[in-house]
Amino acid sequence: MNKNICIIGSGSWGVALGIHLAKMGHNIKIWSYKQEEADLINNERKCMFLPNVHVPKGIVCVTDFESAIKDSEMILIVTPSKAVRETVSKFKKYVTNQQIIICSKGFEKETLYTLNEVVEEELPNSKIGGLSGPSHAEEVSIGIPTALVIASKYQDVLDNVQNTFMNEELRIYTSNDIKGAELGGALKNIIAFCAGTIVGLKLGDNTFAALLTRGLSEMAKLSVKMGGDVKTIYGLTGLGDLIVTCLSNHSRNRRAGMLIGQGKTIEEAKQEIGMTIEAIDNIEIAYELSKKYDIEMPIVRSIYDILYNNLDPKTAVMQLMTRERKQED
Numbered sequence: 173m174n175k176n177i178c179i180i181g182s183g184s185w186g187v188a189l190g191i192h193l194a195k196m197g198h199n200i201k202i203w204s205y206k207q208e209e210a211d212l213i214n215n216e217r218k219c220m221f222l223p224n225v226h227v228p229k230g231i232v233c234v235t236d237f238e239s240a241i242k243d244s245e246m247i248l249i250v251t252p253s254k255a256v257r258e259t260v261s262k263f264k265k266y267v268t269n270q271q272i273i274i275c276s277k278g279f280e281k282e283t284l285y286t287l288n289e290v291v292e293e294e295l296p297n298s299k300i301g302g303l304s305g306p307s308h309a310e311e312v313s314i315g316i317p318t319a320l321v322i323a324s325k326y327q328d329v330l331d332n333v334q335n336t337f338m339n340e341e342l343r344i345y346t347s348n349d350i351k352g353a354e355l356g357g358a359l360k361n362i363i364a365f366c367a368g369t370i371v372g373l374k375l376g377d378n379t380f381a382a383l384l385t386r387g388l389s390e391m392a393k394l395s396v397k398m399g400g401d402v403k404t405i406y407g408l409t410g411l412g413d414l415i416v417t418c419l420s421n422h423s424r425n426r427r428a429g430m431l432i433g434q435g436k437t438i439e440e441a442k443q444e445i446g447m448t449i450e451a452i453d454n455i456e457i458a459y460e461l462s463k464k465y466d467i468e469m470p471i472v473r474s475i476y477d478i479l480y481n482n483l484d485p486k487t488a489v490m491q492l493m494t495r496e497r498k499q500e501d
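Here the numbering used here is used: the first residue of the sequence shown is 173, the next is one more, and so on.
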């Protein structure tokens, strides 16, 4: 049965999800904080972040929360992680019994919360889930097949999202481990940023593979310490998302890391990419979480020192390679 779905956020991922759902026959309202983005979607059927994609007529974009949320049966949150609490606090008065699906990936800097924890605090009476996995907007928007995971402690959320989203282009698995799914999605951006730095330094495939593997180990250690299931990190929302984000030039995190490896500053990287780079927003948070939970995360520590303590990337690689001898864990 076709549903009325509200998408909070008119960036590439929000629009890509809207396109997928509209093609399935659902009625989509997208909220944008910029009138120019709404006008482009409504009048020219285009998204500035997906310039070669046609936006179907089943999608309407508005700039006020009330009209976006009115009559909706499900709300997707697709804003940058650092804006999630502020955005939810502005629209929560219009929420009734809609299921809330978090499609953003990251943490809240001030509290070190996962986004599920942020939304639960703002909407304590809502049923919440998180949608994550290997999914570049550029590919989902044109129907290239992929598989995602909906994670929630509520079975009706799992069933509803699976039934609403799943078709021959998008396979949806379910999980009860929302903590692990969220941590995989947030931490893989940081490892992808590091992978991009390796590429920018013109190091080889061997270095790249070692970085991904040891980065996955760091993701798993922190996830388990924070209450996630290690199996989740080795599934679609961890390893799967890590692979696609580290290897693809669609990845803003990888591209930004490449620029850092080439000697650019954070601000220069942000300016060149031109869109939200979740890794830069979350590297400092992951570093603080490693200290809070007393987890050794040398890759996260190295990229933190590169960005915030002026450590040269080549020196960081040398330091990682010459750490004390140890058994693989």
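These are calculated hints, taken from the structure and not from any lab test.
One thing to keep in mind: the hints can contain errors.
Said to hold, decoys possible - No more than 27 Å apart at the CA atoms, straight line, and that leaves these computed lysine-lysine pairs for DSS-like:
1) Lys397 / Lys374
2) Lys374 / Lys403
3) Lys403 / Lys464
4) Lys397 / Lys325
5) Lys436 / Lys403
6) Lys265 / Lys218
7) Lys265 / Lys175
Only a predicted model underlies this, so the values are computations on that prediction, with no experimental measurement involved.
Okay, the hints, checked on the actual structure:
1. A C-alpha spacing of about 34 Å is found between Lys397 and Lys374, which places the hinted pair above 27 Å, so the restraint is violated.
2. A hinted pair counts as satisfied when its Cα atoms are at most 27 Å apart, and Lys374 with Lys403 does not qualify at roughly 33 Å.
3. Of the pairs offered as hints, the one joining Lys403 and Lys464 holds, with about 23 Å between alpha carbons and a cut-off of 27 Å not exceeded.
4. Distance restraint check for Lys397 and Lys325: the Cα-Cα separation of roughly 19 Å lies within the 27 Å cut-off, and the hinted pair is therefore satisfied.
5. Distance restraint check for Lys436 and Lys403: the Cα-Cα separation of roughly 37 Å exceeds the 27 Å cut-off, and the hinted pair is therefore not satisfied.
6. Note on Lys265 and Lys218: the hinted pairing is violated, with a Cα-Cα distance of about 30 Å set against a maximum of 27 Å.
7. For the hint pairing Lys265 with Lys175, the CA-to-CA distance comes to about 21 Å; that is within 27 Å, so the pair holds.
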